[in-house]
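Numbering (my numbering), first residue to last: 97 to 716.
A hint or two may mislead.
To be verified - Here are the computed lysine-lysine pairs in the DSSO-like style, where the Cα-Cα straight-line distance is at most 30 Å:
#  : residue 1 : residue 2
1  : K573      : K669
2  : K506      : K669
3  : K679      : K573
4  : K669      : K525
5  : K525      : K372
6  : K669      : K679
7  : K679      : K506
8  : K394      : K506
9  : K573      : K650
10 : K394      : K525
11 : K669      : K650
12 : K525      : K506
To be verified - Now the in silico label distances, taken between C-beta atoms and shown as ranges:
#  : residue 1 : residue 2 : range
13 : R628      : L245      : 42 to 52 Å
14 : G220      : T317      : 58 to 68 Å
15 : D565      : H431      : 27 to 37 Å
Quick caveat, the hints were computed from the structure, so don't treat them as lab data.
By construction, the Cβ of each residue, glycine as well, lies at the ideal position given by its N, Cα and C atoms.
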Amino acid sequence: MQFSKEISLALIQGREQLPAKNDRFVLGVIGNVPTQNIYDIALKAQAGGIGLLVAISGLVNLLMLTGSIYMIQIYDRVLPSGSIVTLLGLFGIVLLIYCFLGLFDLTRQRLLARISVRLDMTLGAACFGDWISVQEHSRAHEGGEQPPLQQLVHLRRLLSSPAFVSVCDMPFVPIFLMALYLIHPWLGTMVLAAAALACGMVVFGRWLTRRTGIASVAQDTILTDMSYQSRRLAEPLRAMRMQDDLAAYWLGLQRSSLVWHQRLHSAPDALAAFSKTFRLMLQSAILTVGAVLVIQGKISAGMIMAASILAGRVLAPIDQITGGWRLIAGGWAAHRQLHTYFEHYAPTLETVELPAPRGRISVSSVSQTPVPPRGDGSQYSLQDISFDLQPGDGLCILGGLDAGKSALAKLLVGISQPTAGEVRFDAVKLSLWPSSQIGPAIGYLPEMVELLPATIFDNISRFRAEATDAQVISAAKLARVHDEIMALPDGYSTFLGRGEQSVLSQAHLQKIGLARTLVYDPALIVLDDPRRSLCRCPDVEEIVHDVTRQMRNKSCTVVITARQPCAISALNKVLILSDGRMKRFGPTEEVLGQPYPARVAAKVRTLPSRGNGTAQVGNR
C-alpha cells in the first residue's frame, strides 16, 4: 500500500511529463486492492441480531402453545373436578405467560426495526450516492431494475411488515404439527395436508399472475412517465393548446392500467377468499373428526378445542405470507439486487492528500459518443477536442445548437466521462481526486438552476458542515443576492421548500444558485449558458462580467459557454465549436479577428460554425 501511495503522490504533484501509462499503472495498483461486498458485511454485522431474532421467535411460538394446553386443562381437569381454586391458579399462570409472550413479541418487533435501521445507516449513503451519481441517459439500471436507493426502501418495508414476522414463524410450524400428531395422527395428517394444499395454491396463484404482474408494472410505468413528462412540458403544451387531447390520451392509458390492475388482483383476491373459506372448513372438519374420536374414546373433549387452535397456528403464517406475497417477493428481489450491485460497487478508497487545486485544465484528444446515439448519422457529440487552460484563464466556448458546448462543460467538471481522451485537473484525472478536496475547488452553474428543499445557507454552502458564515456571505454578495436574503425574516435560515420558494423571486433563486457556484473561491468555475441559467436577472451581463473579472483576479479559471459572446471583455480565450468539432481556439483578439470589445458581436456572427459553411452563432 505504501508503494501505491508513493506512485500516486508522484503523479499528483504536477509532473505533467509523466506518460498516461503511469496513470493506468496507478489505477491498476488501486484496482488490485481486495474489496468486499459491503452489503454482505452489513448483513454479517447483524448476525448477532438475527440469531437473537430466531431465538425470540422460537420462544414466542413455544409460548403460543399455552392456549391449547390451557384449553385441555379446562375441559379435562377443571370441569370434571369443579375446582375453582385450580381454575384460578391456571388462569393466573396463563396471564403471566401471556405477559411474557407480549414482551417477547414486542422485543422481536423492536429488533427487526433495529436491524432495518442499521442496514439503512450502513448502506443508505452508498445507495443515495448511486442515485445522484447516475448520469443522464445512464443504462446502469437496464432491464427494469430499480436503483439501489429504492431497493433499500423495499427491504426496509419488508423487515417492518407482519408478513416478515410470519416468515420468521414458518420454521416453527412443525412444533404445532407435532403437537397435533401427539393429540392424534389423524388430526395431524389433516392439518399437514391442508397446509400443503394452501402452499400449493399460493405457488399456483403467483405463477398464474406472473405475466400479468409484469404487464401491470409496465403499464403503470408508462402512465407515471407520461404524467411526469407532461408536468415538465406544461408550458409548451399550454401554448399549443394540447391539454384536452393529451388528457383524453392519458385517460386511455389510465383505463388500460386499471384493467391490468384488476386482472392482477383478481387471482390474489380469489386466493384470499379461498383461504378464509378453507380455514373455516378445516376447523369444522377438525371438530367433526375430533368428535368422532371422542365418541370412540381415543381423545378427550379438551383435545378437540386444542386441535382447532393448533390448526389455526399452522395456517396463520401461510395466510399472512399469502396476503403479503408481493411485499415478500419485492423484498427478496431487492435483497438479491443489492447483493449484486455491491459486488461491483467501488467504495471511495483512502487517498493521499493532494496539493491544493490551482485550476490548470488539460483536455487531450477528447471524444464523446452521445447516449442515446443521435439519429442524424453522426457518431460523436464531441470529437478530438484538445486545449489547455492555465490558472486565471477565462475561456468563452461559442457555438450554435448541437455544437457540444454543454457536453464539453460537463466533461470539464466530471459530470460525464469522455469516450476517448482525457480531462486532467492540475495534471491529474478528475477520478483520482478525493471528492472532499476537488468538490470545493469546482463551481458549476447548469443551464437550469434548481435548489434543494433546505435553508438558503445550506444551499449556498453545498451542505458542507465546515462552511463558515463569512464564506457563504461572501459568495452571496458576489452574486448580488445578499441584501435580498437579509431582507427576509429568517435571513439565511429561510427554508426553500416548494411552498416557501414564493418568498423569493425567480431571479433571486437563480442568484442563490450562482452563489452556490462561487462559494469557497473554487479553482475552476464553469457557467453553462449563463444567459439562460440567469435569464430572470435583468443585469445578467453585468453580473457575469463582474463575477468573471473578480474570480480571475483570484487566479480562478473561468469557463463560459454561450451561443453569442458573453463577458468577452473579461475573458482572454475563445473556443469555437461546430457540430462537436473544435474550429478555432486561442486568444480572444486572434480568434475574433480584432481587439475586443468593439464590433465583437458582428464579427462572431460571421465566424464559421458548421463545416465549411457559416452560421449565425448569436441567434437561436
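We went through each hint and held it up to the structure:
Simply put, K573 and K669 have alpha-carbon atoms about 27 Å apart, close enough for the 30 Å limit, and the pair holds. A threshold of 30 Å between alpha carbons decides the hint, and for K506 with K669 the separation of about 19 Å falls inside it, so the pair holds. A threshold of 30 Å between alpha carbons decides the hint, and for K679 with K573 the separation of about 37 Å lies outside it, so the pair is violated. Only pairs whose Cα atoms come within 30 Å are accepted, and K669 paired with K525 is accepted, the gap being roughly 23 Å.
The hinted pair formed by K525 and K372 fails the criterion: a straight-line CA distance of about 64 Å is larger than 30 Å. Distance hint between K669 and K679 is fulfilled; the C-alpha atoms sit about 14 Å from each other, no more than 30 Å. Among the hinted pairs, K679 with K506 is consistent with the structure: their alpha-carbon atoms are about 19 Å apart, no more than 30 Å. The straight-line distance between the Cα atoms of K394 and K506 is roughly 83 Å, outside the 30 Å bound, and the hint therefore fails.
For the hint linking K573 to K650, the alpha-carbon distance of about 16 Å falls within 30 Å, and the restraint holds. Restraint check for K394 and K525: the C-alpha separation of about 83 Å exceeds 30 Å, so the hint is violated. Proposed proximity of K669 and K650 is supported: the alpha carbons are some 17 Å apart, at most 30 Å. With a CA separation close to 14 Å, the supplied pair K525 and K506 stays within the 30 Å bound.
A beta carbon spacing of about 30 Å between R628 and L245 contradicts the range 42 to 52 Å that was offered as a hint. In this structure, G220 and T317 break the distance hint of 58 to 68 Å, their C-beta atoms being roughly 25 Å apart. Distance hint for D565 and H431: a CB-CB separation of about 45 Å, inconsistent with the stated range 27 to 37 Å.
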